[in-house]
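Novice: Here are the chains, one letter per residue:
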Amino acid sequence: MSLPAEKKQSLTPSELSFIATSETVIEIVPNFSMGQIRLLSGIWGPFRPPSKSRVPLWLALDLKRRKRCSIVAPEWLTVDSLQERLKEETSNGRYADMPFRYLETAKAIIEVAGDDLDNAALIRSLLMDIRQARQTKSREGVIKMNDTGMAMTGISQLEINELRPFFVESFGVMRRLGGAHIPATLSQSQIPRSQFTLDEDGWDMS
Amino acid sequence: MDFDSYYSIDSIIADNQKVPSEFLTDVPSLGWLQGGLDKDIKEGSKVDLPYWMSSTLALSEYDFLNLSIPGAFSGRVSNALLASPTYVKLANLNHFWYSFGLRISDLLEDNAKLQQSLRLAFSQRLIEIFDLGQYEGNVEDKSFESEFKAGMDELEKQLLEHCSRSAAKHKRL
Numbered sequence: 168m169s170l171p172a173e174k175k176q177s178l179t180p181s182e183l184s185f186i187a188t189s190e191t192v193i194e195i196v197p198n199f200s201m202g203q204i205r206l207l208s209g210i211w212g213p214f215r216p217p218s219k220s221r222v223p224l225w226l227a228l229d230l231k232r233r234k235r236c237s238i239v240a241p242e243w244l245t246v247d248s249l250q251e252r253l254k255e256e257t258s259n260g261r262y263a264d265m266p267f268r269y270l271e272t273a274k275a276i277i278e279v280a281g282d283d284l285d286n287a288a289l290i291r292s293l294l295m296d297i298r299q300a301r302q303t304k305s306r307e308g309v310i311k312m313n314d315t316g317m318a319m320t321g322i323s324q325l326e327i328n329e330l331r332p333f334f335v336e337s338f339g340v341m342r343r344l345g346g347a348h349i350p351a352t353l354s355q356s357q358i359p360r361s362q363f364t365l366d367e368d369g370w371d372m373s
Numbered sequence: 003m004d005f006d007s008y009y010s011i012d013s014i015i016a017d018n019q020k021v022p023s024e025f026l027t028d029v030p031s032l033g034w035l036q037g038g039l040d041k042d043i044k045e046g047s048k049v050d051l052p053y054w055m056s057s058t059l060a061l062s063e064y065d066f067l068n069l070s071i072p073g074a075f076s077g078r079v080s081n082a083l084l085a086s087p088t089y090v091k092l093a094n095l096n097h098f099w100y101s102f103g104l105r106i107s108d109l110l111e112d113n114a115k116l117q118q119s120l121r122l123a124f125s126q127r128l129i130e131i132f133d134l135g136q137y138e139g140n141v142e143d144k145s146f147e148s149e150f151k152a153g154m155d156e157l158e159k160q161l162l163e164h165c166s167r168s169a170a171k172h173k174r175l
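Chains C and V, in that order, are what the protein sequence lines are.
Each residue of the first sequence is one higher than the one before, counting from 168 in my numbering.
Each residue of the second sequence is one higher than the one before, counting from 3 in my numbering.
Hints in this document: simulated from the structure, not taken from any laboratory.
Just so you know, even glycine gets a beta-carbon here, dropped at the ideal spot from N, CA and C.
Careful: at least some of the hints might be erroneous.
Using 20 Å as the maximum straight-line C-alpha spacing, the simulated EDC-like pairs for lysine to aspartate or glutamate come out as follows [what the hints assert, rightly or not]:
no., chain 1, residue 1, chain 2, residue 2
1, V, K173, C, D314
2, V, K171, C, D314
3, V, K48, C, D314
4, V, K115, C, D314
Sample of chain V residues lacking proximity to chain C, with all beta carbon distances greater than 10 Å (derived) [as the list claims (entries may be wrong)]:
no., residue
5, N68
6, L104
7, L128
8, G135
9, S168
10, R174
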């Protein structure tokens, strides 16, 4: 009750980054030797340079800040793979296949361990381009919105979170107005076809 | 967006919007409702009454009132909406156009057309609200943007506020 309105509706971006850093697992190359450690999230290690170990992202970031390891960039966070994704994103009507928390993870890694990535600046701008391309698709989702439902396969956590307040409320209004089944001549002709093709029940079956 | 929540201020104000009504009986001592100096309301006199009063009186078992559809939901408006949903200034018609419209449509027997134009207006204007929230100021057609903003009803304003606040929060990658 006493929470401000915007916190009731969705999580804040910083809460999302917190979740991402505790849930994502990432590879590091430590520069110290240590046995296994037991944490709430499980048993991690052992740490034997120069072999890689898998740790939660928050631990990797903390070790990196203390200069105790270097982070191995995840497969998808490289110039080549991002360029491919961007191509897929701009040529296809669907959301390209990105990790669910790609924005939060990428932001944390670029901020703390930019020097472990090849060409962090380019990666950053590629990520921006991908995000913009995906925002265009979310916009098409708004055009296609109706009161029964909508499938947006492949949308990521941060993007859902951004759209949630607006979408939830518009759905509520549409429900109350009794559905947005406008005559076909008005709605269909001017709207470009996209992934949000709906069958009679309003559900995306593609 | 509470259309009929007990605690929602917006729904209270929407209940207070005026409906043109015609009295079918004489009512003694209520002449002040008309704003004039007459002591009584005569049969056949036309008064704009708030929705909460007129709906109760019109739906009661005695025929107190004849209601007519407010100008904001007239045929002219629905034709204008058909022509171009985004250029109609809802705020000039009524600041609570959607919630008031729903209330009016509850009173009507043949409400399909009114509901249709409510739906049409909302679903066609939604994308403009989203664009305003996401990309305000980055659009080439600035005059359309400000015109549209001036014509938004309260419900749309709330939606826009949520949209732009959320967009601002999530802008930094």
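Novice: Hint compliance check: list the failing hint numbers for this structure, sorted ascending.
Specialist: 1, 2, 3, 6, 7, 8, 9, 10
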